[in-house]
Structures are given as C-alpha cells and as structure tokens.
Amino acid sequence: MAADPSSSSTGQHADDFCAAPPEDARQTAMSGPLNVRGERRPPPMQRAFSRQVSLGSGVTVLGMDRGGRNGGGRGQRALPRSGRSLGVLNHSGALGAAGGDGAARRGDFSMFRTKSTLSKQNSLLPTRIRESDLELPTHVEDQSVGRPAEDPLNKSVPAGRYFAALRGPELDEVRDYEDILLPKDEVWPFLLRFPIGCFGVCLGLGSQAILWGSLAASPAMRFLHVTPMINVALWLLAVAVLVATSVTYALKCVFYFEAIRREYFHPVRVNFFFAPWIAAMFITIGLPRAYAPERPHPAVWCAFVLPLFALELKIYGQWLSGGKRRLCKVANPSSHLSVVGNFVGAILAARVGWAEAGKFLWAIGVAHYIVVFVTLYQRLPTNEALPKELHPVYSMFIATPSAASLAWAAIYGSFDAVARTFFFMAIFLYLSLVVRINFFRGFRFSLAWWSYTFPMTTASLATVKYAEAEPCFASRALALSLSLMSTTMVSLLLVSTLLHAFIWRSLFPNDLAIAITKDRQNGAVKPSGKGKRTSKRVHDIKRWAKQAPLSLVSSITKSNSADKEEEEKTE
Amino acid sequence: MAADPSSSSTGQHADDFCAAPPEDARQTAMSGPLNVRGERRPPPMQRAFSRQVSLGSGVTVLGMDRGGRNGGGRGQRALPRSGRSLGVLNHSGALGAAGGDGAARRGDFSMFRTKSTLSKQNSLLPTRIRESDLELPTHVEDQSVGRPAEDPLNKSVPAGRYFAALRGPELDEVRDYEDILLPKDEVWPFLLRFPIGCFGVCLGLGSQAILWGSLAASPAMRFLHVTPMINVALWLLAVAVLVATSVTYALKCVFYFEAIRREYFHPVRVNFFFAPWIAAMFITIGLPRAYAPERPHPAVWCAFVLPLFALELKIYGQWLSGGKRRLCKVANPSSHLSVVGNFVGAILAARVGWAEAGKFLWAIGVAHYIVVFVTLYQRLPTNEALPKELHPVYSMFIATPSAASLAWAAIYGSFDAVARTFFFMAIFLYLSLVVRINFFRGFRFSLAWWSYTFPMTTASLATVKYAEAEPCFASRALALSLSLMSTTMVSLLLVSTLLHAFIWRSLFPNDLAIAITKDRQNGAVKPSGKGKRTSKRVHDIKRWAKQAPLSLVSSITKSNSADKEEEEKTE
Amino acid sequence: MAADPSSSSTGQHADDFCAAPPEDARQTAMSGPLNVRGERRPPPMQRAFSRQVSLGSGVTVLGMDRGGRNGGGRGQRALPRSGRSLGVLNHSGALGAAGGDGAARRGDFSMFRTKSTLSKQNSLLPTRIRESDLELPTHVEDQSVGRPAEDPLNKSVPAGRYFAALRGPELDEVRDYEDILLPKDEVWPFLLRFPIGCFGVCLGLGSQAILWGSLAASPAMRFLHVTPMINVALWLLAVAVLVATSVTYALKCVFYFEAIRREYFHPVRVNFFFAPWIAAMFITIGLPRAYAPERPHPAVWCAFVLPLFALELKIYGQWLSGGKRRLCKVANPSSHLSVVGNFVGAILAARVGWAEAGKFLWAIGVAHYIVVFVTLYQRLPTNEALPKELHPVYSMFIATPSAASLAWAAIYGSFDAVARTFFFMAIFLYLSLVVRINFFRGFRFSLAWWSYTFPMTTASLATVKYAEAEPCFASRALALSLSLMSTTMVSLLLVSTLLHAFIWRSLFPNDLAIAITKDRQNGAVKPSGKGKRTSKRVHDIKRWAKQAPLSLVSSITKSNSADKEEEEKTE
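In order, the protein sequences belong to chains A, R and E. When you line the first sequence up against full-length UniProt numbering, it's residues 1 to 571, in that order. When you line the second sequence up against full-length UniProt numbering, it's residues 1 to 571, in that order. When you line the third sequence up against full-length UniProt numbering, it's residues 1 to 571, in that order.
In case anyone wonders, no lab produced these hints; they're calculated from the structure. There may be inaccurate statements among the hints.
It does not matter which identical chain is meant; a pair holds if it fits inside one copy or across any two.
Claimed, not checked - With a Cα cut of at most 20 Å, we get these calculated SDA-like pairs of lysine to any residue: (1) 184 to 416; (2) 314 to 435; (3) 314 to 432; (4) 314 to 431; (5) 314 to 303; (6) 184 to 236; (7) 314 to 264; (8) 184 to 228; (9) 184 to 473; (10) 184 to 505; (11) 184 to 291; (12) 314 to 499.
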C-alpha cells in the first residue's frame, strides 16, 4: 500500500475525510498523535489492523483503538471524569457498569464537549507532545492544507444526512448500515442522553394546567364543577418539571455544547428549541388565578418571547434566504412547533395587556403557518420521505390552528369568524388523525411522545373557548370529550414516564441521533468493497475532558459565527 | 422454451405479472384452468399461439381465447348475461351487434366484476375441476408463491400510471403505444362505459336550476322579470337526470365494482366521486320556493354531507399522510371538485339553519382551497404535465372561489370583504380563462364537458349575489352576461348530449381509462423486442359472470381495507 | 468539407443554429449576402478565418467581420446611424470614443432592431443583390428548410437560459464562460444600454414623494412639522424622471424592440415591466394636495391600471397554464413586483373613489401574493438557485405586505385586523432582512438598486398609517426611523446616481443580460473540442439600420402572436 500512495490513499482522501494516513506517516503518528491544530492522526498500527475488520464490528475496533491509546500510559485523563465530577447526575456509575472492561472500553465522548473547553485543555498538554508535533511540520501542514474541513464536528451535519442516517418516531434511531461516532453498546453520559425533546413534557404538563384552569373557570363548563385545585397541582408539577429540565439542559449546554449544536442541526430537533420558551409561556398563562389574579408584568412576555423571536428570525431566515436548509427540504410536521410559539406568545401578550404585540406575533405566525401548512400538505418530493414511524408527529398539525384560534380570540376579544375558521380547521385535522389511529400505534414509548399531548390539549382549550362562544350541548360535549382524551393521554404518559424512569430505568436511551457521521461511510455504501475500507472513526483525541464551565458564552458566539458562514454559502 | 424455464419464463415473471406459464404446466392448466385461490392459469394452447401474435392484434387473440373457452363447451355462462338480465339497459344487444362473430369475439369483462360475486361463483363450480386443481398442488403453490401480486386488479393502479398511459381532456384516451386490458374494437357493456363523470350533467343542470331560481327571486335582477317556471322545469330535469344517473351508477357499483375501484384510483376521476353529493346538494338548494318555501330538514344536510365528508377525510388524508398519492403529484384542476363540496355543503348548512356546521365546512374548504390553489399555481414539476387537452379542466378554477364567496355570504349573512375577495378572485380567474379561449376549443365533445358548466354557473350565481349587495349597472350587467353565457353553454351541451345520445348513439364510448394495465408492458416499451413478448392479457378466468347483487357491501369493505393497506405503505 | 455536406453541415445545423454555411456556398454568399427571407449567410471568407479563432477572441473576430463588411464598400449604412439621428441622446459620440478604430470595430446591433424595420429595409435593397439570391434558389431553400428556427432572435430565450448564463444582483452579468451576441469590449448604443430597471428610479422617487406628503399631512406625524414643500419638490423630480425614462424607453421600444423582447423573457426583468405603471400610479397618489385637493378622475386609474392588468393576465396566465414558464421555475423575489401593482392600483382606486374596483384589485393581489409568498418561502429546487448577489432583491418581500396593508386600509376605511396583519408581516420581514444586513453589502452600484428603495418607503408609509391608527410613542418612533432610513437610502442612491451619470459616466454599462445566446455554445461547454467549433456569432446582416418608427405596433402584434405560440407549446 505504501508502494502506491497516490492511488490508494490520495484517492481515499478525496472522498473520505477520515481516511487513515499512508503507512509512511507511521513514524510521525507514533511519535506524536496530537498536533496543534487538532487534525486527527491515529496510531497507524491500530489503523492497519482495523482495515481487516468488518463493518459490523467497527464499534469494537473503535473501542480497542481507544483502549489501546488509553492503555498506552500517556497519562490522558479518561473521558467520563467530567461527568463523574458533576456529582448530581451520576451517569458515570451506569457507564462503568455498561462498559465491561472499564476504562479500556469507554467511548470517547469528548468530541461533543464544548469546544473552548478543549482548546483550553490543549494548551495544558505536556510540552513534549506538542514539540514532537512541531518536529514534523511538513506532514502537519500537508494534511491540514489538504483536508481543511475533515473534522467531523467542525462542520455542521447537513439536513439530508439526518434523514438518510436516521429513522424512528423522532428521527432518533440509526439505520442498521450506519456507523455512528459514539459506541452503541455502552451507556453514554447522562447529559449526552438528555435530548431537547424532554421539554415536550413541560409542554404537555403546562398546557394541561391551562386546560384545567380553563375548565374550572369557564362559564360554559361550569356544569362540571371542576375544582381549581387540579389546576394548581398540575401547575406546580409543570413548574417543577420545567425547572428540572431547564437546569439539566443548561448543564448539557455548558458541558456538551457540541452535542447541542448537533441537535440544532437535526431537522426535527431544531424545532424543539422553541419548546422551552413555549413551555415557559404556558406556565405563565396557566398561572392559577387564585394566586395571581392580576395580569403578569409585560417583562415576563419580553423574557420569553425575545429568545423565541430571535430563534424565529434565524430559522425562518434559513428557510427564506440561507444556505441549503430550504423549507422544501427540511419541512416536517414538527416545523409546526416553530410556528405555534407565535400564537402562544400572542395569547400571553393579550394576557399581559400588549394587544398590539400580540397582533404582531399573530401576523408572523399566520404568515408562516400558511407556508408550513401548504408545504406539508403538498409533501414535495424534496421533503425527505417521513418514515412511517414519524406519524405521531402529525398530531402537531392540530396544535397550530388551535393556538391561532385561541390567540385571535384573546387579542381581538371575540371568538369571531377568523377564530372559528382556525378552530374548525383544527377540529377537522383532529378528526382526520383520529380516523387514522393506526398511525399512532405500535411505537416504542419515548419522551418525545409528550410533545404530542400538547396539540390535543390546545385543541381542547380551543373547544372550551368555542363552547363559551356557542354554548350548546354539542359544543360542550365536544369540549368535555376532547378534554378527557387529552387528560387521559397525559395521565398514561405520566405513568409510562415514571415507570420508565424509576422502574425500568430506560427513560434516557443513548441519543444516537446526535452521533451520526457527517458523510455516509464508504464501507456502509458498498459493503462488498474488498479491503479498501479503512477505519473511519478516528476521533479527535485532542478533545478530552476537564470542565471549563465559563466557556459557554464564548463557544456560543463562536458557533454562531460558524453557523453564519455555513448559512451564507448559498449554492 | 421448456428447456430453459428459468431464463425465459422466470425472468418474465419478475417484471410481467401476466406472463404465460411455462409449457410444462400445460397438463395442469388443461385439466384445471381454475384453482381455488384464484390464480390465473389460462389454457396454454392458446397461450402458445398468442405468443406469435403481434401487439396490435393482441385483442383478437384475447377474444379467441375467450371464444375458444366458451366454445369448449364447459358450460360457462357468457359474460354479458348479467347485463342482459338487467333488462332495462340493453347493452348486450349493442354488444352483440358490435362483436361480429357473436360469442367468439366477445371480450372478457369479468375482470371488472365485483369480486365477491366471483368468489361466490367459484364455490359453485363443479367439484371435479377443483379436485383437478388439488391434484397438482405444487404448481399452484409455486405460482402463487412466486408471484403473489400479479393479479392486475388486486393491486390498485398507481397514480403515475394513469398519467403515463392516458391522455385527452379527462385523461380518458389511451396513448397509442399502450395496451389495455379490454378489447378496443368492441363495444363494452353499457355499465362499464358509464363513467363517474356523468354526474357532471347533474352538476350543470342542478346549478342552472339554482341560477334561474336566483334570477327569478333576486331583487337585483327583478328587471329581467324571469318566470320561476324556468327554475321549476330545470329543477325537475335535474332531478330526473340525477336519479337516472345515480341508479345507473349504483348498478355499476353492484356489478362492476372493480371498474369503480379503477375510477377511484384515477387521479382525475377520483374527484368526480364528490360530484354525486354536490349535485344532490345543488338539487336541495335549488328546490323551487313555490313548492318548498320552508327550510329543508337538517337530516337532508347530513345525508348528503356525511358521505362527502367521509370521502374528504380519505382523500385529504391521502394527500397529507398516506402512501404515494402526494398532493404534489396528483394535484390537477379537477382537485377543485374535492374542495368545492365543502362550500356547497356550507351553503346548504346555512339553508337548513345549521350555521355552525356551515362554518365548519367553510373552514375545511378554505384551508384545503389554499393548498390546492397554491399547488396548482406553482405547477410543480412533480405535477405530471397536464396534456394540452386537459385545459378545459381549468374552468374548475372558477368554481371554488365562487362557491366560497356564496358560502361565506350565506353563513355570515352579508356579502362582506371576505365574500368579495373570493368573488373577485373568481372573476379574475374567469377573465383569465376567457382571454385564453383557445384552450377550450378543438376538443371532442364528451359528457365530462358538463362539469365545466357548473363553474360558470356558480360564478354567475355569485355575481347575482354581488349585484344584490352592490346594485349598480355594472354589477347587473355582469350578472346578466355571465348568466347568459352559462345558460348558453348548458343549452349547447344539452343539445349536443341529446344528439350524441339518440341520433349518433355515441354518448358512451368505451371507457378506456379504467382498462389500462398496471405496468407498462415490455412489448410496448420496446416494440422492436424480438419474440420475447409473450401474451400478457391472460385474464383471470375465474372472474366470470353470475349476478350476486347483495355482495356489494362486503366487497366495498374488502376494497377499503385493501386500499388502506396500500395507503400505509409509505415510502 | 464540401464532399460530405450532410455529415458536416447538416449535423451542425441540428444543434447549432448559427453554424457557418458549407464552403461551396461561398460563391453565393459573396455575390449576395442577403436573401429574401432573412437567412443569415455571412461572407464565408471571414467565416473560414474565424474558425481558427479561439473562443475568447470571438468578439474581436466578430468586429473584424463587421469591419470587413463595412469596409467592403458595399454602401451599407453603419448601424449607429439611427442612433445618431436621434439627436437628443447622443450615444453615437460615446460609441465612437469607445470603439477605437471607429467603424471597423463597431458591433452589429441590428439584431435587436425592431423587426418590421428590417424587413421594410430589405425591400429597399438594390435589386441586383436580391437577384443574385434568386440565381441560387436551391441553396437558399435548403438552408431555410433545414433550419427554420435558427434565428437567434426569432425564438424567445427560455427562462432557464437566463439563470444559466447570468449572474449578479439582477441577473445582469454574464458568466465568464458564456459568449454573448454583442461585443463586450465596445460601448453599445445608449438605447440598448437603457434597461427596463431604470423605472426603479421612478418607483423610489414616486414613493418618497408620497411618504413626505404623508409625513406632512398625517396627524400622527404632526409633531415633526414637515413642510409640504418637500413633497412638491420630490413630486416634481419624480415626474421629471418618469417622463424622461418613459420617453427614452419608448424610443428603445421603437428602435430596438427585439432587445425589449429579450428583457421581457428575462425572469427578473419581466417583473419590471410592471414598474412604469406602478410608478405612474405613485405619481398620481403622491400628487401634492395643495395643487390637486380633489380626487383624480377615474380615467387616470383606467389609464394606468389597464396596461398593468393586461400584463397580469399574461404573466399570471403563464404561471398557471402556459408553456414552461411555470411559477415553480421562474419565481424570484422580484416576482413581488408583479403582485404589488394590484395593491397600488387598489390604493389609487380608493383615491379616485372606485372602492369596488379597488377590492377587485386587492383580491387579485392577495390571491397571487399568497402563491408567490409560499413559493418563495419554500425555495423549491426547481427555483433556479438565486445567486448570492441577488440578495438585495429580497427587500421586495417587504413591499407587497406593506402595500396590501395600505390598500386594505384605503379601501375599507380603517386600519383593521387585516391591514394590521399585513403590516406586521411587513415589519417582521423588514426585521428579518435588517438582521441579515450582510446580504446587502458589497455589491456594485447599479440603477436597479433604486427598486429596493421603494419597499422601504412603502413600509414607512404603512407605519405612518399605523401610527395614525395607534398613536403612541413606539409607533411614531418606528414611523420616524423607518422614514429616515428610507429617505437616507434614497438620498444616497440619488447622489450615487448623479455621480455615476455625470462624473464617472458609468451609469449605463452594456446591458449584457439581453445579449446572451439562446443555447449554451458547444465551445463553451466543451472547451477541449478539437476544431469542430465553427464561429457561431454570425449575425443577421439583413438587420441593419434605417428608422421605421411607425412599425412599432405591427411588430408588437407580431411579437405577441409568436409569444402566444410559444406559450401554447405546453410540454
């Protein structure tokens, strides 16, 4: 192989960013596997070995690779350290239990670390290693010039890759033929397994709190004699869950910012970044009246709407003018989440007394709702095919018109023609999904299911409002039955969640979706390729652990600018 | 050929679901052409012969095949029996006159028979034949296992096939290079030639009845002094035509349910399944006031809207979440028919006094109207190119906004901004089509033309309403001229229809659109293929005649479930 | 080459509409370069020479070709004659200064001449030449039969070609590898360099005049104490510019109708054909109240709206039903210009007192606005990728909702929910573009920039109206800041324009966009093709100069019918 480096290795460099270096680079790599700029250069001995390893056992090879390096006695700190030092979230114990031979088989999770943490650590590396790098500057330069964008994390993963590599109800399972960057057979650090979708629980509970407050207070539903205490209890639960989720996710943000970036580029997940703010607005709207009869201060509205608005400017701008994340490509039912926030914000604006701000949000919402609605209904061929398991996401279709209806009624003060039109649209879409109940069966429980409860609850809320406007038997019966359905759903999910969390301890499986490789691997595409596959999962061994919690802001800034660059690369 | 069954026959089995069985199956086939499970196994003698027959004369071979079998004295009842026994619709006479040599040249129409009829008949077959089937179970099993989905009717025809194989104003003519399942040179049974598009006549006449009732009653058009008698006459005519059409189509439903399934999968025809209910609602709305001054009972509304609503749930659901019938693919101007029903239903709801139900339908209508309107205007590349002859369908563009305008005015009680916006949209689209008058010339008359009269009439009706709201010279002149145009159109079509029906007897040509093959045939694609083409139109000889009129419901159920299966096969 | 005319020339005729004639036609061509039907047959001597010329120097060859012919002493009138005789617009002086060696290097601009002018001139040619044509009728017939559509101008350039061959902020720069029909290194006649985009200046100034009138008159902005004199001054300036632009463009229409046709087929430029009428309506709306306090006569509305309406019927019809100019393909932000005219027309209709006509236009506008908005937001893959430099066009997104908001308020008399929804949409889109300020930097100044001022001004106007409806500090501050921004922008552009016009004399560069070839040239696609490339830019030497100003109408008619033919060629 060393005899024809141009044909074998150079050719692979062209299409495989993780290709092993040619054999004659062995000396270099052995003496200094780390270089200053962070290029990956694995010890070629293991590389040469891994070439003979089949696709299926690639993960094992990776583990050995790591183990070999860790066992090499170079004094590198094992990765899970940082997790262990978190104290509160003792994921390292679970990790140790899963990885049979301890440190030797532990995955390299440092690649998802916050970057500035890593670079700061690099500067703390023993000088000897860095010197050995500098001894062979030509090689380093060659490689860094030849493949400047090889870092699997530096560049964002294109949207199409997520659709290609993933499947499942939330694009959260990896297809069989795909390799991932992290070990599949090991339990990852808790924070890495904590997806943004967890805010769905807050959405579900927050909207339930509003619903029961509304059922207790609405004159149309007075015949039910609902006690406001249910509202209070649900509200407290919702607040507790929101606080816990937010704190946990903030910690993830601090320690694994790269993982969050990957969630941000995930075509389904990105929409869940709206969820925290929507959940917070639900909490504010659902505030039990006994405790806070007055209207909230407009500052609350600003606090929750401004981040949401900034995110909207970003996401809608991507659709309209930026890069390759065209709406016709990334649209999927969860895109409704990016629209529904406007309407919830409008409701809150009406609650705090800023009707004009509410009208502003409503206008943004309806404009983009039309776009999303038409795009989703058309199911353009560029919309990467939604797998069958994504069907639950269709319930999102109900949320937006319901919220639009409620918001219009809240802003303009009456449940008039516009509000009714949106309300009836929601009811029709509800019906349309109910008759397709098969779509919603047979899927594994996951936390993401929670986000499907809030459309049902929103529809129930809109029906209660409608029943106020048109108090007759039919409307009240509809309101009652929808409310019961949504509450039943929430109760079932609550029980399931508690069972998974405390009995089966399976609430947070490995979040494979964030660990897909940037490109489909050669070996995966052509499993029959003979011996040409070289090991590809050579991790950036520079990115290892030590906490640098204060580096969050700088890395966000850095990431945003990188993001901006990518966005401006229009075709 | 028997020497290499794997190369010749197995290879063809893969891509040709109608391939003849290998020669060595002759014994089996001869002794028992029918087996229990309904696999097609034709007498191989004729098959061997038909292999030497060119594509063009395939129909003749088919006829001979049938004839040979009928002449074989196995006591099978000839197909047209059922038709003949209908008594009223003597199509068998016409059939006999067309097929020169009587039974020997008659086509095999049994494939479009209602399925349960066929299976019931199979159970009545002489036991000997079924036993002879069982004598050779291996062959039967081989074939049923090897080609489980070969039945040209069991599986629905994909939407793309209709666009590929058909052309003409209503996708009702077969392209030259296409084979069809039924003989082209023979007159088919009347019921097979009676398309769903015939309800277009009812739409045209029903809307005219409403128009003349409105012209007679509207204060804005009082200067015309229209007698209400025109309304009465038109209404009676419309009722008579609707009843006749419905009865005939119900008979088709009973006897040729498979043909109806094929119409249902036709991308243009499927929208005409909304027509019967819309026509019935037109009749109810157009009820002469002298005879029924009160408002109709809401049960009438339920009776007509419920089937329409169920169909909508089905069709819109297909667009949104089901299978491959994506809106971006199947959208065509006749899709407006699937939307306009909501608005007509809303008008009827206002008439019976259920304003909220009307608002519900209006909301569904407007949501899907936006989707259809945008999709049609974009003319996505996935929208299979509409042939030039489909241009008349563009008149459908006028119908929906006109109806939306009328419906809004009826529900909300005033011809306000919303109603005017839709009305003016309709007027602009009308104008836009009028200046493209060339689009609408040079096409052969067909019954489908009738469906293009109802948009004109609906626009006239909306203009009359507008003239009531804005009584000035211009609006009255517009109302008058549009009314005259639509009435002229209807009169011309009425005369044409009568001429075609009773003078030229060409009103119901063979409905080729339902008889296209499921896949494009090898021979058709490569007409120069040498000798590799074997006869493909080997019909399911199990599916022959005897009436089983009560099997309708069961077959509908069966068909629906098959349909559902297909729908859930998302890519 | 003469030995196998069928292989060499016929083959080239098939794919290259400008192929040189075979060598044996030399005699013919020499004796008579012009034939009756207008086929292009250049003197083959230069052709033979130009075959050895590389692609890059093709322009020079062309110039020599022309020069040779002009120098041949056949008494042909040099092209710029017509321009020179215009007197007022002394572009020939500039031309002479630019083209170094005078007539010998002058380009052949006659191909963009109005056609009927040319044919009339042909009939005035010396009889001898036409006779020499007739001496060799076989050759003439052969060529005319063999390549009936080879004329690079007879057929319209498909929309895709413009996207493929052009780049730049307004698709007005030619890609490097593209050949164009006119010499790049020469200054073209002034009229050829005067694009339709110049009406953007009128849009910007006209809307500014309205804005300052509104600032002076609006009760909400009274605190500014704006003098109405600014309005008057701006209005007079706007009128002067509009008159000058219109006269100039009318002259271009008379003399270079072919160039206008090419602008009409340009996917961005075609939308600017709406600009003159919109500018005229702006002028009418912005009429200083001191001078014309009454409402304008409705005839003014008719005069400006009717051409706009006719153009709309044409353009929208193309989207919906005609040819290959599908909306999903040609949609780009400048398509907003084709929609915004409706709203401006509606405002003017309200001003003249024809509210119903305004509602009509508003309905057309909103229907097509939804379509354009959704299409642009989806960014379908068929939407040819907008180059980065086209980003300024995104400001058009602001114009339409602002105008829709103003129009609704004008027609229905109050800034109600509908008007506010559109207004807030505009504000959001404004914000969305402001945060993407990088999109709008780094582009060369061009006259087209003017058209980006009018969206800003329209948004300011809508904000002033909003401040009237909601008089508070925030709304007034917003109105004031937006007004200042738009006025600053207009002032900057005014200064830039004056500098470019009178100091740098670079206001009107060669308008390369109209001179792209109909097909991408062989040589351009395969630069390595050996010797097979023959010179392609053999211009129609029949089309030379003499003015025939009255031929305008006939050529418009002719062009329209050709256009119609193309449109009806649906795929």
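- Among all the numbered hints in the text so far, which are the ones the structure does not match? 1, 6, 8, 9, 11, 12
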